[in-house]
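Asker: What follows is each chain in one-letter form.
2 protein chains.
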Amino acid sequence: MFRCGNYFPSPNLAPRRPISYPRPPLPERLVKVIGSISAARRHLRSVNRPIVLVPTMGALHQGHAALLDRARSLAGPQGTVVASIFVNPTQFGPKEDFSRYPRPFAADGRLCAAHGVDVIFHPTGSRMYPDGFSTFAEESVVSSRLCGASRPGHFRGVCTVVLKLFQIVQPQAAVFGLKDFQQCAVIGRMVRDLNLPVRIVAVETVRELDGLALSSRNQFLTAEERRQAPILRAALLAARDAWKGGESSAARLRRLIVQRVGRAPLARIDYVEIADDHTLQPLRQAGDQTVIALAVFFGKTRLIDNIRLR
Amino acid sequence: MFRCGNYFPSPNLAPRRPISYPRPPLPERLVKVIGSISAARRHLRSVNRPIVLVPTMGALHQGHAALLDRARSLAGPQGTVVASIFVNPTQFGPKEDFSRYPRPFAADGRLCAAHGVDVIFHPTGSRMYPDGFSTFAEESVVSSRLCGASRPGHFRGVCTVVLKLFQIVQPQAAVFGLKDFQQCAVIGRMVRDLNLPVRIVAVETVRELDGLALSSRNQFLTAEERRQAPILRAALLAARDAWKGGESSAARLRRLIVQRVGRAPLARIDYVEIADDHTLQPLRQAGDQTVIALAVFFGKTRLIDNIRLR
Chain H
1 MFRCGNYFPS PNLAPRRPIS YPRPPLPERL VKVIGSISAA RRHLRSVNRP
51 IVLVPTMGAL HQGHAALLDR ARSLAGPQGT VVASIFVNPT QFGPKEDFSR
101 YPRPFAADGR LCAAHGVDVI FHPTGSRMYP DGFSTFAEES VVSSRLCGAS
151 RPGHFRGVCT VVLKLFQIVQ PQAAVFGLKD FQQCAVIGRM VRDLNLPVRI
201 VAVETVRELD GLALSSRNQF LTAEERRQAP ILRAALLAAR DAWKGGESSA
251 ARLRRLIVQR VGRAPLARID YVEIADDHTL QPLRQAGDQT VIALAVFFGK
301 TRLIDNIRLR
Chain C
1 MFRCGNYFPS PNLAPRRPIS YPRPPLPERL VKVIGSISAA RRHLRSVNRP
51 IVLVPTMGAL HQGHAALLDR ARSLAGPQGT VVASIFVNPT QFGPKEDFSR
101 YPRPFAADGR LCAAHGVDVI FHPTGSRMYP DGFSTFAEES VVSSRLCGAS
151 RPGHFRGVCT VVLKLFQIVQ PQAAVFGLKD FQQCAVIGRM VRDLNLPVRI
201 VAVETVRELD GLALSSRNQF LTAEERRQAP ILRAALLAAR DAWKGGESSA
251 ARLRRLIVQR VGRAPLARID YVEIADDHTL QPLRQAGDQT VIALAVFFGK
301 TRLIDNIRLR
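So the sequences go chain by chain: H and C.
Just so we're aligned, residue 1 is where the first sequence starts under our numbering, counting upward by one.
Just so we're aligned, residue 1 is where the second sequence starts under our numbering, counting upward by one.
Simulated from the structure, these hints should not be mistaken for laboratory data.
Take these hints with a grain of salt, some might be off.
To be verified - Okay, the calculated beta carbon distance ranges per label pair:
| # | chain 1 | residue 1 | chain 2 | residue 2 | range |
| --- | --- | --- | --- | --- | --- |
| 1 | H | 192 | C | 46 | 18 to 28 Å |
| 2 | C | 192 | H | 258 | 27 to 37 Å |
| 3 | C | 197 | H | 99 | 24 to 34 Å |
| 4 | H | 265 | C | 131 | 38 to 48 Å |
| 5 | H | 263 | C | 278 | 50 to 60 Å |
| 6 | H | 263 | C | 192 | 35 to 45 Å |
| 7 | H | 188 | C | 224 | 28 to 38 Å |
| 8 | H | 210 | C | 192 | 25 to 35 Å |
| 9 | C | 265 | H | 188 | 54 to 64 Å |
| 10 | H | 223 | C | 278 | 53 to 63 Å |
| 11 | C | 41 | H | 308 | 46 to 56 Å |
| 12 | C | 49 | H | 310 | 37 to 47 Å |
| 13 | H | 210 | C | 278 | 27 to 37 Å |
| 14 | H | 172 | C | 209 | 49 to 59 Å |
As the list claims (entries may be wrong) - Take a look, some chain C residues computed to stay more than 10 Å from chain H by CB distance:
| # | residue |
| --- | --- |
| 15 | 49 |
| 16 | 96 |
| 17 | 192 |
| 18 | 211 |
| 19 | 302 |
Each residue gets a CB set at the ideal place from its N, CA and C atoms; glycine is no exception.
Using the sequences and the accompanying hints, generate a full structural model.
Answerer: So, in structure tokens, the structure goes:
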């Protein structure tokens, strides 16, 4: 494990999977790992601006790598890229997978080094949530449905930790992945409502060759579940094709997706929603500001994906 | 009325009331009044640091003047003092006095000019709470009792607007009055929990000669109510004397205050609480980290005051 103040050099990792995304040429780098909030503040007050933050829960994959690359490009060669790695307890429900969420910190550090990260902020739970912690940020509209309905309190935890990270790191921009479409929308609304001086940049989902969206939770899938999991993407593409072919009824698009996902015998649908892509409120007619989002269980593993209609 | 971008010179106001507080010698000053959030951001990015913020709802009196003077002294002669004047709708309950809250903006501007303010941030309600506003900051422990119990949602509104002001103004320090003791404690907790990079400075309550704490709401009192209102302070002093004399039972101290306030025939007690001065949770025994706080109605006007036992 790397501790606060340690440095480790870039091993110049080759990507494990044949996925392409723009990657700047990088020299061998040193990554500073900081665990303490006050040390992070001190260090980040002294670094070159702009600071660009990529908040993560670790277990980094090539989807995160795309976020880090975008952050590097936004920060420019002289700016500072900060990746936070923190499995945030307040966004997990009591029956969710907080304790078994993967924490491969050494591999995460190598991926960060290979993708232009200058600082890894890696606090402990008790530093982020000291005794008597009692203040939360909560968005109530964009969070209300989809994952917000399935996971009560999840977005309150997300908003709170992101707000805290913004205050500690003071970034000019922060990069999030569109796989968590609702998370992007909720954070965008929080940033507007609370006047946070941070630009939110959303990056397209990175996928396996068979269409499965990369996720730290994919590693929990059994071989057979993994074989069936691309049905999420296939169903969303089928719905978009139907929409392009003139089908605008949300009910019929939803039915089409439910039927298609039903072809995977191990899949159990949590939700399928056709919603406005800003407010995430349900629509009766799919238009060109529409997102279709779904969550599907394979065993205990819950996968999400989405597609925008444009 | 002053509009965004207007300037007005200091009239070098003499204080209206014979109350003394430390006041730095001030040259004739220009105060910049800004209503737009983006203009405020632009301007404040260009000014000298440190920035010290005094959040107010206007209707400024010599209690606010003491906050402004403290802010001036914290900012130093070269720093920037920002006073926000905004009657924040989200901290008023539906049956409270939002619409009749006084808004004497011209007089407020003169007082700011006389007390070293560089910028008055004076946004409209629709700028601070645009359509679809749906994100709040909420503290749940320190806010739970006293005014929080009497005014549901009040501290959620306070936390949200203060958080927004901190994001817009980006001050190094912010100054609050101890008359609103619970507000100071709630904001202190929020700042800790959300890692806000702002130092909170609390300033002692300024009082009339008869002990009544200055408040923008005192002007609503009838002559007879005004005559009886100093009973709040008298009762708190009596309780502190009893404590100094060895009485530590919270129940008995509370009874003493209730009896004493009862001597004012127009007074109607909202609450009297003996509480820990950090968590504001009720105590059975008053110790040396104790605050006694009360709220008393005179007619429709609700007055608060408090005293710490040390």
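Asker: Between residue 223 of chain H and residue 278 of chain C, does the beta-carbon spacing fit 53 to 63 Å?
Answerer: At 55 Å between Cβs, range holds.
Asker: Given the hint of 49 to 59 Å, check if residue 172 of chain H and residue 209 of chain C actually sit that far apart at their C-beta atoms.
Answerer: holds (51 Å)
Asker: CB of residue 210 of chain H to CB of residue 278 of chain C, is that within 27 to 37 Å?
Answerer: Check failed, 56 Å falls outside 27 to 37 Å.
Asker: Starting from the range 46 to 56 Å, see whether the pair residue 41 of chain C and residue 308 of chain H falls in it by beta-carbon distance.
Answerer: Because 31 Å falls outside the window, the suggested range is violated.
Asker: A cut-off of 10 Å on Cβ-Cβ distance, and residue 96 of chain C was said to be off the interface with chain H. Does that hold?
Answerer: Nearest chain H Cβ is 22 Å from residue 96 of chain C, so the label holds.
Asker: Determine whether the non-interface label on residue 211 of chain C survives the test: each CB of chain H must be over 10 Å from its CB.
Answerer: Check passes; 33 Å lies beyond 10 Å.
Asker: For residue 192 of chain C, is the shortest beta carbon distance to chain H beyond 10 Å?
Answerer: Its Cβ does come within 10 Å of chain H, the nearest being 7 Å, so this is violated.
Asker: Using the beta carbons of residue 265 of chain H and residue 131 of chain C, state whether their distance is inside 38 to 48 Å or not.
Answerer: Given range 38 to 48 Å: holds, Cβ gap about 46 Å.
Asker: Is the distance from the Cβ of residue 197 of chain C to the Cβ of residue 99 of chain H consistent with 24 to 34 Å?
Answerer: holds (32 Å)
Asker: Is it true that the C-beta distance of residue 210 of chain H to residue 192 of chain C lies inside 25 to 35 Å, as the hint says?
Answerer: violated (47 Å)
Asker: Quick check for students: does the CB of residue 49 of chain C sit more than 10 Å from each CB in chain H?
Answerer: Non-interface label stands for residue 49 of chain C: nearest chain H Cβ at 12 Å, farther than 10 Å.
Asker: Does the Cβ distance between residue 263 of chain H and residue 278 of chain C fall inside 50 to 60 Å?
Answerer: holds (59 Å)
Figure legend: structure checked against the earlier numbered hints; hints not met, in rising order: 2, 6, 7, 8, 11, 13 and 17.
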